[in-house]
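Participant: Each chain, written out:
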Amino acid sequence: MTLANIWFFLVAVLLTVYVILDGFDLGAGVLYPFIAKGEDEKGVIRAAIGPFWDGNEVWLLTGAGAIFAAFPMVYAMTFSGFYLAIMLVLFGLIIRAVSLAFRHRDGSWSAVWDGAFFLGSLVPALLVGVALGNVIRGVPMDAQGNYIGTFWQLLNPYSLLVGVTGLCLLVQHGAAWLSIKSEGELHDRAWRYRKVSFWICAVLAVATSLATILTVSRASDNVFGRPVGWLFVVVFLAGVLYTIWQLFKADGALRSFVGSAIIIIGLAGIAAVGNFPDMVPARGTPAATSLTVTRAASGHLTLLVMLILAIVFVPVVLIYTALIYKTFWGKTKAGDADY
Amino acid sequence: MDALTLARIQFAFTVGYHFIFVPISIGVGMMVVLSERRYYKSGIPADRAASNFWIKLFTATFAIGVATGITMEFAFGTNWANYSRFVGNIFGAPLAAEGLIAFFLESTFLGILLFGRKKVSKGFYYVSAWLVWIGSLLSALWILIANSWMQTPAGYKIENGKAILTSFWGAALNPSIGPRYFHTVAAALLTGCFVVAGVCAYYMLKKKHLQFARQAIIWAASVGLILAIAMPFLGHWGALVVAEHQPVKMAAFENVTDTEDGATLWLVGWLTKESDGTYDTHGIGIPNGLSLILHLNPDARVTGYTDVPLADRPPIQATFQSYHAMIALGIFFGLVLLVTVLLHILKRLENARWLLWVLIACIPLSLLAINLGWMAAEVGRQPWVVQGLMRTSDGVSPLVSSGQIWTTLGLFGLIYLVLFVAWLRIFVGIIKKGPEDTAEMLEAEKGIAPAPAGAGR
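Protein chains in written order, with numbering that gives the first Met the number 0: chain P, 0 to 338; chain E, 0 to 456.
Just so you know, these hints were derived from the structure itself, not from any lab.
Please note that a few of the clues may not be correct.
[As the list claims (entries may be wrong)] The calculated lysine-lysine pairs, modelled on DSS-like cross-linking and capped at a C-alpha distance of 30 Å, are:
{"no.": "1", "chain 1": "E", "residue 1": "K206", "chain 2": "E", "residue 2": "K432"}
{"no.": "2", "chain 1": "E", "residue 1": "K117", "chain 2": "P", "residue 2": "K325"}
{"no.": "3", "chain 1": "E", "residue 1": "K121", "chain 2": "P", "residue 2": "K325"}
{"no.": "4", "chain 1": "E", "residue 1": "K432", "chain 2": "E", "residue 2": "K117"}
{"no.": "5", "chain 1": "P", "residue 1": "K330", "chain 2": "E", "residue 2": "K121"}
{"no.": "6", "chain 1": "E", "residue 1": "K117", "chain 2": "P", "residue 2": "K36"}
{"no.": "7", "chain 1": "E", "residue 1": "K117", "chain 2": "P", "residue 2": "K330"}
{"no.": "8", "chain 1": "E", "residue 1": "K118", "chain 2": "P", "residue 2": "K332"}
{"no.": "9", "chain 1": "E", "residue 1": "K121", "chain 2": "E", "residue 2": "K40"}
{"no.": "10", "chain 1": "E", "residue 1": "K432", "chain 2": "E", "residue 2": "K207"}
{"no.": "11", "chain 1": "P", "residue 1": "K330", "chain 2": "E", "residue 2": "K118"}
{"no.": "12", "chain 1": "P", "residue 1": "K332", "chain 2": "E", "residue 2": "K432"}
{"no.": "13", "chain 1": "P", "residue 1": "K332", "chain 2": "E", "residue 2": "K121"}
{"no.": "14", "chain 1": "P", "residue 1": "K332", "chain 2": "E", "residue 2": "K117"}
Being a predicted model, the structure only gives us computed values, none of them experimental.
Between the sequences and the hints, there should be enough to build the whole structure, so can you do that?
Facilitator: This is how it looks when you write it as C-alpha cells:
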C-alpha cells in the first residue's frame, strides 16, 4: 500500500461522505418547489437542512483541496477540461449558499431566492454525476494531461445516464431526510416522494449497471475481477434490500435513510474499484495518457504531511459534526427558522 | 481579447469581489465575540439584542463571503491548470488544510449561531461565536500561507518541471507569511471597526438606538485606533521583507528606476513614461527617505527595476499608485479615529455631525484601502505568478478558449451584480431596522402580550 494508494482511498472516502451528507440537502433542494405547500412548509424544509448544509458542503471543498494537493494532474485536467460544467456547478453552489442565507431576511425577493435554491441544488446534483460518468468512461487527453475533447463530448449518453441516476439517488436520499425531519401532511408527502423516487432510482441504477457492463468493460472487469469489488457489490445489494424492507414500514424513515447511505457507500466503492489504478482513464488516446494514481500523485512528503493532517483533524471534525447533528436532532418545527 | 487576458480579468474580478466580504466578516466577527461575551456575563436582554444585531450583519456577509470563496478553489483548476500542475505539490496542501481545519469549524458552528439561540446554553452559544471567528482567522492563515508562498517560495525543489515539497515548515513559514498575515488580519479588523463605528455614527445622526450606539462606537474607535497605530509597523515589517526578497516589487512601489544610493520616499506622485520604458516621478518626496527606512541609513543602496529586463518588471504606475493610495488612506484612518476618541473623551462626539458622516464614509474607504493593498501586493509581483519560478502567462489553462471564459465572465458579472445588490439591501435593511427593542423583548419573555381590545374574563 503506497501513500498514493492511501490517498486514492481517502479521496474516495471524502467524496463518499460528501455525497451522503450534502446529498440529502441537495436532494431536499431539488424537491423544495414540489413538496412544500405554503410558506410554513417551505420554512420547515429550509430549517430541516439549515444548520447542516454548510458543513456538509465543506466535505466537497476539502475533497477538492485533497485532490489538488494529492493528485494535482487530476485536479488540473478535470477542472479545466470540464470547464463549463464545473463552472455551472460553481454558480449553482454560489447562488444556493446565498439563497439560503438571504431568503429569511428578504421577504420581497423570496421568489428569486426560492428559484436560486432549487436551481442551485439541481445543477450540482446533476452535473457532478455527469462528471463522474466521464471519469468512469474515460476521456481523451494529451501527454501533458489536458482534456482534448469538446464540451459536447462530455454530454454523451452514458455520462448523462450516470448524471440522471445520481440526481435521482440524491432526490430519494433527500426525501428520506425530509421524512425524518417533518411531521403531519408534509411528512406523508415526503414519504410518498421517498418511495416513488426510490423505485425510479432503482430502475435507473439497473440501467446504469447494464450500460457500464456493456460499454465500459474495463470498469466492470475490474469490479468483478477483484474480491474488494465483490465486497462493494454485496454492500450495495444489502443496502438496497434493507431500504426496500424499511419502505414498507410506517416508521422506516430513519432506517431507510441509513439504507440509502449504505447504497451510496456501495456505489462509490464500486466506482472507485472500477477505476483503480486509473484515476481518469484515457479514451481514444494512447493508454500512456491515462492519469493513473502513481502518475498523478504528488511527492512523498506532500502526501505524508497531508496524511498526518488528516489523521489529526478528521476525528476532530467528526466529533463536532456529530455534536451539531445531536443538537438539532428531532422533528423540525415551522418556527425553527426564526433566528 | 485572448484567453490569458480574460482569465486574468476573471481572477482579479472574482477575488477582488470576494475580498469585499471577507474583511467585514473577520472584523464584525470580532464584534460578535465581544458582544456575545458581554451578554454571557450580564444575561440581560438588551445585551442579547445587541449581540443578535451584530450576528445578523455578520451572517448575511459571511454567507456571501463563503459562497464567493468557493470560486477560488475552483479557479486554480479551471483557469490555471498549468499553474496547478506546477505547484499542486505545495499549493494544494494549504487549501486542503484550510477546508479541514478552518471551513469545517466555521460552517459547523455558524449553524449554532444561526439556529441555536433557543436550543443551546448561553455558554455553548458564546463558545460557538469564538469558534466561528477563530475559524475565519485560521482560514485567512492558510490562504495567506498559500499566497505568501507565491510571493516568497521556500521549502521546495524543482523536479521534472514541478515544484516538489522538501520542507513543510519551510514552505508554510516562508519569509513573507509573518508580516503578510498580521498586516492583512489587522486591516480586516480595522475594516470591521469602521463598519461598527459607521453603523453607530448613523444611529447618532438619526438619534436612534443611542444607548446601543454609544456603547459600541467607543469600543470600535479605540480598538480601531490601536490597529491604525500598529499598521505602519506591520506594513514596515512587510516592506522590509519585500525589499529583501522581491526587490523589483519594492522598486515599483517607490518607482526606483536605477539602483541608487539614497533613494527617495514618495508621499504622493504621478508617473510619466519615458522612451526607454522607465518612469519619471512628479510629486512630493523625502530625499533619501526610502534608504533610511529600509536600511536605517540615508545613503544605503536600493535596487532599481532597470536591474531586470523590461519583460520581468511589473506595471509600475498601477503598483505605485495602489501602494501610495493605501498608505494615504491608512494615515487618514488613523487621524479620523484619533479625533473620534478625543471628541468622545470631551463628550462632543454626538454633536460633531461632520465626523459622524466621515465615519460612515470610512466603511467603503476601508474596503477600498484593503483592496488597494491587495492590488499592490499582487500587481507588484507580476509578471510572475510564483516569484521567479513561473510567469502568470505560463500558468494559464492551455486549452480553455476565450469563448468559454467570456461565457463564464458574463455569468460572474451578472450573478455577482445581483448578489451585491441583494446583500446591500439586506445589510442596509438590518441597519435601518436596528437592534430589537428591549422593552418589548422583556415583555415577551414574561409572557405579557398586550391584551386585545374587548377581550376580558
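Participant: Hint compliance check: list the failing hint numbers for this structure, sorted ascending.
Facilitator: none
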